[in-house]
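Q: Residues per chain, in single letters:
2 protein chains.
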Amino acid sequence: MSTNLKTIDELITPVVLLDRARMDKNIQAMQDALDAHGVGLWPHIKTHKMVEVAKRQLAAGAQGLTCAKVGEAEVMIASGARRIFIAHSLVDVRVAPRLAALADQLDELRVAATSAGQAEALARVAVATDRPLKVVMAVDTGLHREGVRDIEGAKRIAAIVAQCPQLELAAIYTHEGQMYGATPEEQVEKANEVLQRMSEVRDAVDPELPLWPGCSVTAKIMAATGKVQVARPGAYMFGDMSLSVSSQVMERGDVAVHVLATVVDRPEPGLALIDAGTKVFSSDKSRSGLHGIAADGRDIHAAALNEEHGYLRGDDVDSLKIGDRIQLMPPHVCTVINLTDQVAVVEGENVVDFWQVAARGKVQ
Amino acid sequence: MSTNLKTIDELITPVVLLDRARMDKNIQAMQDALDAHGVGLWPHIKTHKMVEVAKRQLAAGAQGLTCAKVGEAEVMIASGARRIFIAHSLVDVRVAPRLAALADQLDELRVAATSAGQAEALARVAVATDRPLKVVMAVDTGLHREGVRDIEGAKRIAAIVAQCPQLELAAIYTHEGQMYGATPEEQVEKANEVLQRMSEVRDAVDPELPLWPGCSVTAKIMAATGKVQVARPGAYMFGDMSLSVSSQVMERGDVAVHVLATVVDRPEPGLALIDAGTKVFSSDKSRSGLHGIAADGRDIHAAALNEEHGYLRGDDVDSLKIGDRIQLMPPHVCTVINLTDQVAVVEGENVVDFWQVAARGKVQ
Numbered sequence: 029m030s031t032n033l034k035t036i037d038e039l040i041t042p043v044v045l046l047d048r049a050r051m052d053k054n055i056q057a058m059q060d061a062l063d064a065h066g067v068g069l070w071p072h073i074k075t076h077k078m079v080e081v082a083k084r085q086l087a088a089g090a091q092g093l094t095c096a097k098v099g100e101a102e103v104m105i106a107s108g109a110r111r112i113f114i115a116h117s118l119v120d121v122r123v124a125p126r127l128a129a130l131a132d133q134l135d136e137l138r139v140a141a142t143s144a145g146q147a148e149a150l151a152r153v154a155v156a157t158d159r160p161l162k163v164v165m166a167v168d169t170g171l172h173r174e175g176v177r178d179i180e181g182a183k184r185i186a187a188i189v190a191q192c193p194q195l196e197l198a199a200i201y202t203h204e205g206q207m208y209g210a211t212p213e214e215q216v217e218k219a220n221e222v223l224q225r226m227s228e229v230r231d232a233v234d235p236e237l238p239l240w241p242g243c244s245v246t247a248k249i250m251a252a253t254g255k256v257q258v259a260r261p262g263a264y265m266f267g268d269m270s271l272s273v274s275s276q277v278m279e280r281g282d283v284a285v286h287v288l289a290t291v292v293d294r295p296e297p298g299l300a301l302i303d304a305g306t307k308v309f310s311s312d313k314s315r316s317g318l319h320g321i322a323a324d325g326r327d328i329h330a331a332a333l334n335e336e337h338g339y340l341r342g343d344d345v346d347s348l349k350i351g352d353r354i355q356l357m358p359p360h361v362c363t364v365i366n367l368t369d370q371v372a373v374v375e376g377e378n379v380v381d382f383w384q385v386a387a388r389g390k391v392q
Numbered sequence: 029m030s031t032n033l034k035t036i037d038e039l040i041t042p043v044v045l046l047d048r049a050r051m052d053k054n055i056q057a058m059q060d061a062l063d064a065h066g067v068g069l070w071p072h073i074k075t076h077k078m079v080e081v082a083k084r085q086l087a088a089g090a091q092g093l094t095c096a097k098v099g100e101a102e103v104m105i106a107s108g109a110r111r112i113f114i115a116h117s118l119v120d121v122r123v124a125p126r127l128a129a130l131a132d133q134l135d136e137l138r139v140a141a142t143s144a145g146q147a148e149a150l151a152r153v154a155v156a157t158d159r160p161l162k163v164v165m166a167v168d169t170g171l172h173r174e175g176v177r178d179i180e181g182a183k184r185i186a187a188i189v190a191q192c193p194q195l196e197l198a199a200i201y202t203h204e205g206q207m208y209g210a211t212p213e214e215q216v217e218k219a220n221e222v223l224q225r226m227s228e229v230r231d232a233v234d235p236e237l238p239l240w241p242g243c244s245v246t247a248k249i250m251a252a253t254g255k256v257q258v259a260r261p262g263a264y265m266f267g268d269m270s271l272s273v274s275s276q277v278m279e280r281g282d283v284a285v286h287v288l289a290t291v292v293d294r295p296e297p298g299l300a301l302i303d304a305g306t307k308v309f310s311s312d313k314s315r316s317g318l319h320g321i322a323a324d325g326r327d328i329h330a331a332a333l334n335e336e337h338g339y340l341r342g343d344d345v346d347s348l349k350i351g352d353r354i355q356l357m358p359p360h361v362c363t364v365i366n367l368t369d370q371v372a373v374v375e376g377e378n379v380v381d382f383w384q385v386a387a388r389g390k391v392q
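If you're matching them up, the sequences are chains A and B in order. To convert a position in the first sequence, counted from 1, into the numbering used here, add 28. To convert a position in the second sequence, counted from 1, into the numbering used here, add 28.
So that you can see chain A by itself, here it is in the shape it has in the complex (with noise of 0.2 angstroms):
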């Protein structure tokens, strides 16, 4: 694709926009909330995988990086990133010599335990690295995926990384990926309950440890409690249906990524076939089953996905000609930037720049 392109008009679509004012108005507001509270953050790269994007949350204030795998991370040293936390349960030691590397590049690099059998296979990997790694401690809070269950697994947890030289417990944190669904009232109270939960283990294993949650659902309102020390947000940069939609914490206009797809067939009234289907918006449906909405307003949405096709319905789809092209903001943005190679970056009508998807497919 060429790079000197000026308008969207001239794009082959299927292709996926990113609209850089709206994503530094959301990166400034969720860095001046978590300012306000003096909660630092860590956002998770997970959802864009972008140097480019990384660069400009450190620019905005992030102290450092979440990342879920080693790969993602050494793509990301050259955001100029001096601290990464890799959030995964590390357990192999084939990869020691890749963190050593990393860690040998940054100022501090962070691993996390999530119990206690996880922890000892972490400590053979740790002496494998013979580096000085932080431990940031996992606590299941409602999501039933990795993290300590009971007080017990989490004082064990405290002993195996005691015992390793290379280990130094430094954090304890959750991944509150329930919240998504919740309505505005019971995320309050559901966040809540997860800072009780974090804090009953922090208690009881070293009350000086501070807590690090990390959901775009949540990140603003644990800021405001003045309980937790660092968020750890994904997707609040771009958004998509789940975060405006569903879950209300950011506004339609305020999303920053959608997919341009042209109608490529009106088989008959009330269908019309777009040349983007799972291979461009992954199979995620929102939480009321659609695969992407028109983002201007119109009542038109993917109602299904084949592999390369989308089928729009809805009541003003026969507004639609063959050769129309469409924007859709996707229901979960972080599995569309996952599949494309590229971002196509926007002004208004105006292609800026691509950038591409560096630590896409990045996953060991």
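Keep in mind that the hints were calculated from the coordinates and are not lab data. Any given hint could turn out to be false.
No distinction is drawn between identical chains; accordingly, a pair holds when it is met within one copy or between any pair of copies.
[Unchecked claim] Calculated lysine to aspartate or glutamate pairs in the DMTMM-like style (CA-CA distance at most 25 angstroms, straight line):
1. 34 to 120
2. 390 to 80
3. 162 to 136
4. 313 to 231
5. 183 to 63
6. 390 to 38
7. 83 to 136
8. 34 to 324
9. 218 to 178
10. 390 to 369
11. 390 to 352
12. 255 to 158
13. 255 to 221
14. 349 to 148
15. 349 to 178
16. 313 to 213
17. 349 to 120
18. 313 to 327
19. 218 to 296
20. 313 to 335
For chain A, the structure is supplied; the task is to place chain B on it using the hints.
A: Relative to chain A, chain B alone:
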């Protein structure tokens, strides 16, 4: 990733494994079945997206390749293919220069006519391309996606094609995707319905036109009828839960692609967490609602996925320890391959090559 690895045990997970011997067996079996009835094979590369796989399909006797997107066709030139069919509703004159370049590198470039409205747009693309293009007309046979809905629509397409000097009507196609989920008995019955529908349209337009259905579930059934001239299956050389467990058109032991993952946590009895989630498996599920099953026959299945985690359940899951590795058969291989940049090619326990998924992300 180093390319001089010798065994699967040395790989860092998650990683997609491709068993070359099984794939070659599947390629040959499909070719033999079609050859026995004089039916041509134009495999759809949307499943594998790899030049090396296309080369093997062509070497075994495939006449041409089917692609979903222009970008896929551009990548597949390197396979040595001389004939390519782009089975998607092209409507955008912006792709004309790329189509012209493709046509100049091939003996035959085929494009799809999927409705009268789309055919009008296609004719404008063809004029701008200014190259001879063979047209394959789409007939809806039950999937209710692209394709003519009635005889009248077919005649209108034929008339539009006849008036465009660059276009020549050359075949009739369908994708009988509704076959997925049908029992073997239903498959034969439904295949006959599909052929009946295609024949009615064909006979009204031009009784000499060949029929080109395309689906891995029904390719051999279609060939055995003696009524089709070309089959365009996609997933047959790899297989997955859909083709083996659900549709029962191949043995589980012939499935050639698996995801190798590591057990990274055992947070509670009955649950094992692996380091592979939707960003490896995609969000697609099997008909039974699973995201993967143990390849070795143990009762272990991926019951749920987050982006970077899989939740393993089943009667045998408590046999898994942290650090254990497990191979899982995915429900839908097409979307798994579409997420990875490369696959590890294996023969037994040995890693013999890494193949790039070169057409991955080529959605334009």
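Q: With reference to the structure, classify each hint as holding or not holding.
A: Taking the hints in turn, this is what the structure says about them:
In this homomeric assembly, residue 34 and residue 120 come within 25 angstroms of each other (Cα to Cα) only across copies, at 18 angstroms, whereas the closest approach inside a single copy is 47 angstroms. Proximity of residue 390 and residue 80 under a CA criterion of 25 angstroms is satisfied in both settings, with 17 angstroms inside one chain copy and 22 angstroms between copies. Taking the shortest alpha-carbon separations for residue 162 and residue 136, only the intra-copy value of 7 angstroms comes in at or below 25 angstroms, while the best inter-copy value is 60 angstroms. In this assembly of identical chains, residue 313 and residue 231 lie within 25 angstroms of each other by CA distance neither inside one copy nor across copies; the values are 39 angstroms within and 41 angstroms between.
In the homo-oligomer, the alpha carbons of residue 183 and residue 63 never lie at most 25 angstroms apart, since the shortest distance is 32 angstroms inside one protomer and 67 angstroms across protomers. Taking the closest pair of Cα atoms, residue 390 and residue 38 come within 25 angstroms of each other only across two copies (17 angstroms); inside a single copy the shortest separation is 31 angstroms, beyond that limit. In this assembly of identical chains, residue 83 and residue 136 lie within 25 angstroms of each other by CA distance solely inside one copy; the values are 17 angstroms within and 47 angstroms between copies. In this assembly of identical chains, residue 34 and residue 324 lie within 25 angstroms of each other by CA distance solely inside one copy; the values are 22 angstroms within and 53 angstroms between copies.
In this assembly of identical chains, the alpha carbons of residue 218 and residue 178 lie at most 25 angstroms apart only when taken from the same copy (19 angstroms versus 55 angstroms across copies). Taking CA atoms no more than 25 angstroms apart as the test, residue 390 paired with residue 369 passes in both settings, with 12 angstroms inside one copy and 9 angstroms between copies. With identical chains, the CA atoms of residue 390 and residue 352 are at most 25 angstroms apart between copies only, with a shortest distance of 21 angstroms across copies and 35 angstroms within one. In this assembly of identical chains, residue 255 and residue 158 lie within 25 angstroms of each other by CA distance neither inside one copy nor across copies; the values are 34 angstroms within and 68 angstroms between.
Within a single copy, residue 255 and residue 221 get their C-alpha atoms as close as 12 angstroms, which meets the 25 angstroms cut-off; across copies the closest is 65 angstroms, which misses it. In this assembly of identical chains, the alpha carbons of residue 349 and residue 148 lie at most 25 angstroms apart only when taken from different copies (12 angstroms versus 61 angstroms within one copy). In this assembly of identical chains, the alpha carbons of residue 349 and residue 178 lie at most 25 angstroms apart only when taken from different copies (20 angstroms versus 58 angstroms within one copy). In this assembly of identical chains, residue 313 and residue 213 lie within 25 angstroms of each other by CA distance solely inside one copy; the values are 23 angstroms within and 33 angstroms between copies.
For a Cα distance limit of 25 angstroms, the shortest separation of residue 349 from residue 120 across copies, 13 angstroms, qualifies, whereas the shortest one inside one copy, 54 angstroms, does not. Within a single copy, residue 313 and residue 327 get their C-alpha atoms as close as 17 angstroms, which meets the 25 angstroms cut-off; across copies the closest is 29 angstroms, which misses it. Proximity of residue 218 to residue 296 under the C-alpha cut-off of 25 angstroms is restricted to the inter-copy arrangement: shortest distance 23 angstroms between copies versus 46 angstroms within a copy. Taking CA atoms no more than 25 angstroms apart as the test, residue 313 paired with residue 335 passes in both settings, with 14 angstroms inside one copy and 14 angstroms between copies.
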